[in-house]
Amino acid sequence: MEPVYKNPKTLIDTPTHYCPGCGHGIIHRLIAEIIDDLDIRGKTIGLAPVGCAVLAYNYLDIDMCEAAHGRPPAVATGIKRVHPDKIVFSYQGDGDLAAIGMAEIIHTASRSENITVIFVNNAVYGMTNGQMAPTTLLNQRTLTTPQGRNEKYDGYPIRICELLATIDGSRFLARTSITSPKNIIKTKQLLEKGFKSQIEEKGFSLIEILSPCPVYWRMNPNDAMKFIDDNMTTTFPLGIFKDWESQN
Amino acid sequence: MSTEKNQKLLLTGNEAAAEAAIMAGCRFYYGYPITPQNEILTHMATRMPQVGGTCIQVESELAAINMVHGSAAAGARTMTSSSSPGISLKQEGISYLAGSELPCVIVNVQRGGPGLGDISPSQADYFQAVKGGGHGDYHTIVLAPSSVQETADLVFDAFDLADCYRNPVMILGDAQLGQMMEPVVFNKKQNPNLYKKPWALTGANGRRKNVIKSFYPVKGELEEFNAKLQKKYRQIEAEEVRYEEINTKKADIVIVAYGTCARICKEIVKIGEKLNIKIGIIRPITLWPFPCDIIRRVSERVQAILTVEMSAGQMVEDVRLSVSGRCPVHFYGRTGGGIPSPKEILEKILEIIPIKEKVTCAT
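Just so you know, the protein sequences line up as chains U and X, in that order.
Reminder that position 241 of the first sequence reads as 241 in the numbering used here, one-by-one numbering, no gaps.
Reminder that position 267 of the second sequence reads as 515 in the numbering used here, one-by-one numbering, no gaps.
Since the hints were made in silico from the structure, they are not lab data.
Lysine-lysine pairs mimicking BS3-like chemistry, simulated, CA-CA at most 27 angstroms apart:
| no. | chain 1 | residue 1 | chain 2 | residue 2 |
| --- | --- | --- | --- | --- |
| 1 | X | 457 | U | 6 |
| 2 | X | 461 | X | 476 |
| 3 | U | 9 | X | 461 |
Use the sequences and the hints to build the structure in full.
Here it is as structure tokens:
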């Protein structure tokens, strides 16, 4: 009998360091499945960020490079320019991409660098115990917004897909979540579209994934998923914000 | 322009640095405009497309050094350049490059500081060049040219040194060297594929995956890695020291100076002869590894050593460490775009060794 559900070859069979209920494990698996499905394991190079996914190279069986905090798009650019025939993706959190790395992501999009960015938005700095992120929701409590994020004091959350959609070089931009099997399947389709955009040399693609951080949201994993559906998606609506296919 | 081997060209130091990089097989350059090194970026913007290379004018110095990180990790010869404030910005990235053992070349055409300073020649980045510069225990190999020809030669060698030791190499020039024009011949043989890079990221087709990283979170691993780095640095110190020695054998006083300052000091040797003062010069070409041994040996037989810099006194600290009290070490420096004149340096020498005393010594 052929097993219909098995470990992807590209996902290394090892325990991860992620907290219970964290979304990174699901997203890693989706990436590994896509690399297997597209048969690109031997030509894919990944960028691990600084943040919770700093050890992503321990879990994915592909060539990978570390990047300083916020710099994966710049490092990815340096790799892609050397190897335009390889598939290069960066994997970044909200602090990495939308705070310290904002300049790099905007200019990498403006150059329409032919790479794929996987942007994991969990609205908090997880690695450093739960401070406010640029994507923290208004009224959301974190270690550095103990009374809840106040727009007058802390500013507003930043919507990356909408921001990058104003840049001509952005070719495929989508926001998705992993709160249900249906959303996970959708996320996989969008990630695959991101990789295919690169294979077909369409230019810069970014898939933003709303992902739970139950530990630093001080919630149980079920409530964390519900928080994404009920609260996060009102500030960060799901959808496709740019698509080369429908734009001609 | 197209450069052929042994062709004599009249170039600025900046253009020579850029062209030498291309001759050395560098095909990936990333730069941000900052005076006085702009000619490197503009030269690359013209030349890289002609040779099938890449030149990106980046959004920041951070992006530049991190693109270098990517291209180095991908196995290519790669370079960035800047001037002092921009080098400060790159230092985090240089630490990551050193920590990831990635070969690359960084050109620093120094200008005056601190802060925005000015755009005049300076040597005030010595500390941030030779002492690591960013966080952690590491070194970049630092090469200090004193002419346009030597700029070309050292940029060429820098790529070999970087590949040989898997380490960043910095060319430490200054506004004067970058801007002035001199004849230059590109006479070195190009051999960019001398060093195999099985560690590079090329896609793990048919092999185990490669990972480029500087992160060692498991207790003990980082110390072990640092020990490996230190071992490499000791090897570089043992094998790669370069300096020029002029007239030191019977010198009364020896000047230690590098780059532009060394050129000026060479003028004084002949003037000294007329005054019956024997002046020698040690010109460090590698600032790290520093030529400690020759300075120590010379310090055992001279009356004094004078260090001349376009700084408030940076390299002089390494000279004092090398001398370790064997003879007095004096310092003369100018800052903020001031360039020491031969007259000023001579006056300083006469302060240290008055002519009268010299005559007494001779009799």
